[in-house]
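Quick mapping for you: the protein sequence lines, in order, are chains A and B. The numbering used here numbers the first residue of the first sequence as 1 and each following residue consecutively. The numbering used here numbers the first residue of the second sequence as 1 and each following residue consecutively.
These are computed hints drawn from the structure, not numbers from a lab. Warning: the hint list may mix true and false statements.
[Stated by the list, open to error] Just the calculated beta-carbon pair ranges, DEER-fashion: (1) A:K271 / B:T50: 31 to 37 Å; (2) A:G291 / B:T171: 18 to 24 Å; (3) B:T249 / A:K283: 22 to 28 Å; (4) A:K283 / B:D84: 52 to 58 Å; (5) A:G291 / B:L204: 34 to 40 Å.
[What the hints assert, rightly or not] Think about it this way: if two alpha-carbon atoms lie no more than 30 Å apart in a straight line, the pair counts; the simulated DSS-like pairs of lysine-lysine are: (6) B:K283 / B:K169; (7) B:K330 / A:K142; (8) A:K169 / B:K24.
What you are looking at is a predicted structure, and each value in this text was computed from that prediction instead of being measured. Backbone N, C-alpha and C define an ideal beta-carbon position, used for all residues, glycine too.
Letter by letter, the chains look like this.
Protein chains: 2
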Amino acid sequence: MVQKVVEMNIVIIGFGNIGRSVAKVISEKDLGLEIVGIADRDGCIVKENTPLDVMDIVETVEKTKKLSSHPLTKTDMTTNDLIDSVDADLFVEMTPTNIENGEPGLSFMRRILNRKKHLVTSNKGPLVIAYRELTDLAKENKVLFRCGATIGGAIPILSLIRSGLSGNKITKIKGILNGTTNYILTKMFEGKSFDYTLKEAQELGIAETNPTYDIEGIDIGAKLVVLANELGLNTGFNNVKIEGIKNITKEDIENAKKEDKVIKLIGEISKNSAEVSPQLISKNDSLAVDGTLNAIKIECDLAKEITLIGHGAGEETASAIIGDILEIKKVIENENKSNNF
Amino acid sequence: MVQKVVEMNIVIIGFGNIGRSVAKVISEKDLGLEIVGIADRDGCIVKENTPLDVMDIVETVEKTKKLSSHPLTKTDMTTNDLIDSVDADLFVEMTPTNIENGEPGLSFMRRILNRKKHLVTSNKGPLVIAYRELTDLAKENKVLFRCGATIGGAIPILSLIRSGLSGNKITKIKGILNGTTNYILTKMFEGKSFDYTLKEAQELGIAETNPTYDIEGIDIGAKLVVLANELGLNTGFNNVKIEGIKNITKEDIENAKKEDKVIKLIGEISKNSAEVSPQLISKNDSLAVDGTLNAIKIECDLAKEITLIGHGAGEETASAIIGDILEIKKVIENENKSNNF
Chain A
1 MVQKVVEMNI VIIGFGNIGR SVAKVISEKD LGLEIVGIAD RDGCIVKENT
51 PLDVMDIVET VEKTKKLSSH PLTKTDMTTN DLIDSVDADL FVEMTPTNIE
101 NGEPGLSFMR RILNRKKHLV TSNKGPLVIA YRELTDLAKE NKVLFRCGAT
151 IGGAIPILSL IRSGLSGNKI TKIKGILNGT TNYILTKMFE GKSFDYTLKE
201 AQELGIAETN PTYDIEGIDI GAKLVVLANE LGLNTGFNNV KIEGIKNITK
251 EDIENAKKED KVIKLIGEIS KNSAEVSPQL ISKNDSLAVD GTLNAIKIEC
301 DLAKEITLIG HGAGEETASA IIGDILEIKK VIENENKSNN F
Chain B
1 MVQKVVEMNI VIIGFGNIGR SVAKVISEKD LGLEIVGIAD RDGCIVKENT
51 PLDVMDIVET VEKTKKLSSH PLTKTDMTTN DLIDSVDADL FVEMTPTNIE
101 NGEPGLSFMR RILNRKKHLV TSNKGPLVIA YRELTDLAKE NKVLFRCGAT
151 IGGAIPILSL IRSGLSGNKI TKIKGILNGT TNYILTKMFE GKSFDYTLKE
201 AQELGIAETN PTYDIEGIDI GAKLVVLANE LGLNTGFNNV KIEGIKNITK
251 EDIENAKKED KVIKLIGEIS KNSAEVSPQL ISKNDSLAVD GTLNAIKIEC
301 DLAKEITLIG HGAGEETASA IIGDILEIKK VIENENKSNN F
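So that you can see chain A by itself, here it is in the shape it has in the complex:
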């Protein structure tokens, strides 16, 4: 067996679907990363003398749904204890999103940044509540903070804006940023009722038991807040005008079809506005994607229009997390390399 070269120690906070996907990728791929700690609500695992058998931990949790089922779990160790004590370079915060007050993620993030550790997150709650505070805290502590996975799942929208489209002035971003509602609307265009489709989506695990955040556009509104702030706009959740998909009638759908259009729940931001609303979209438009796919169109001065289409949720989100981790790793390596001159 080839010995992996480890250049960066990673801690995972939140061991749900995405957390486990990220853990699997780090464990299986030779990316120069090693997991040295895992925290979930019922305890923590910390690497001691030998590397953690991450795949074994993942399997245990997939069977039992509890981190504490694994023999290495310290049930008396809190996530805060772990953050304060573990020897790590970077934390990945993936606890469940809460856009009421950002907790528990917000407190974890503050603690991680104050410990001067790099931070990657998929959790938009804390960013909706305290984007500026958290990015300022990262700057003060001279660490890097990336949140690409909070918008569009696997679609590397923030990375694209930062790298490939640098030099462009972005004038508008609009898109389908929620797979659940896109699935429901797609089925409604196939003739199914809203209630029937919602039930089906819940059975398939596409919609949550309480689908309010998705259906009412709140999830997209939260993503727009993060996106706007990443673009340097000082947009709060209260600045976003939000309308969900509950008022779309059978008649609306028939009328759309007559015009060769579809109805999509669109999030849209420009310099002066942020809005979530159902919009009529031409069937030929690059945003007219179906099923659970997400699509994001960036309008800008040089490239004019770039559309990105991909999986907006689920285990594919691990791609964005890993991309962010490797971007931070590259920056650090460049710094270290230059230090050796």
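With chain A fixed as given, assemble chain B onto it according to the hints.
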């Protein structure tokens, strides 16, 4: 007027449409870039004591089609003279593509890299002929070399693969990589004949007077060679199986329509093959874009599928050139910053 802070001196080789678009952007935007030299086949302009009035030069050439019409042009100075003598940090090579022998771009590129200058290009000819030689030459001379504009015009595909999708194993890339043929096919699906549409495209400036490279799939084949090499595959032009759009019949189109499909000229690479051919694509597929748009689908292990749609040619290509220049600038700045530790 706010004084621009110039951190990087740029030379432009090739002052056609894209060259002038890039010059305009550098001149108008505050990107920390200054143009200190311009070369075209009929002479060179070099900055002497005062900054060049780039917009004035652009306007003159747009009126007269000749760089030599501008009073600052030295008609006895060759591009080689300019490369050898000018005080610059980075060259942008944008001479016309020649995939027979790569010239004149190939010789210019060798010369630029041997002078230990960073290089950005939109010219795929030299890369088809000598990808490995040029990238090795850049490494030897410790300079950076970027060619994002050679594939997909404004679509930042290479940047996305390098940044946003890092960590992913890419298994296949397929897409519409030529706007001219996509325009022709779109019109053919609207009922127009190939000959009629080609003539119309030529009148609109979408197709060239000699459209062979586009129609026969050679342009896409060349792009696949660059893309494959960027992915680390050692693919030469002779390894690419190429079929153009000339054999597509009215009957093919009618049959496609019956299945709710379209025919697109698709370039496709995987580990073991590179191929250009007309393919039946479902109307619902994210690649089913019309007109002159390009679309590229990346299949990979983590994100599964990401599609990028945008303008594959024309002045929008300046976006990719500027993106590459700014990426190099960022790397250099990071190195310099770290040197100051």
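Tell me, in ascending order, the numbers of any earlier hints that this structure violates. none
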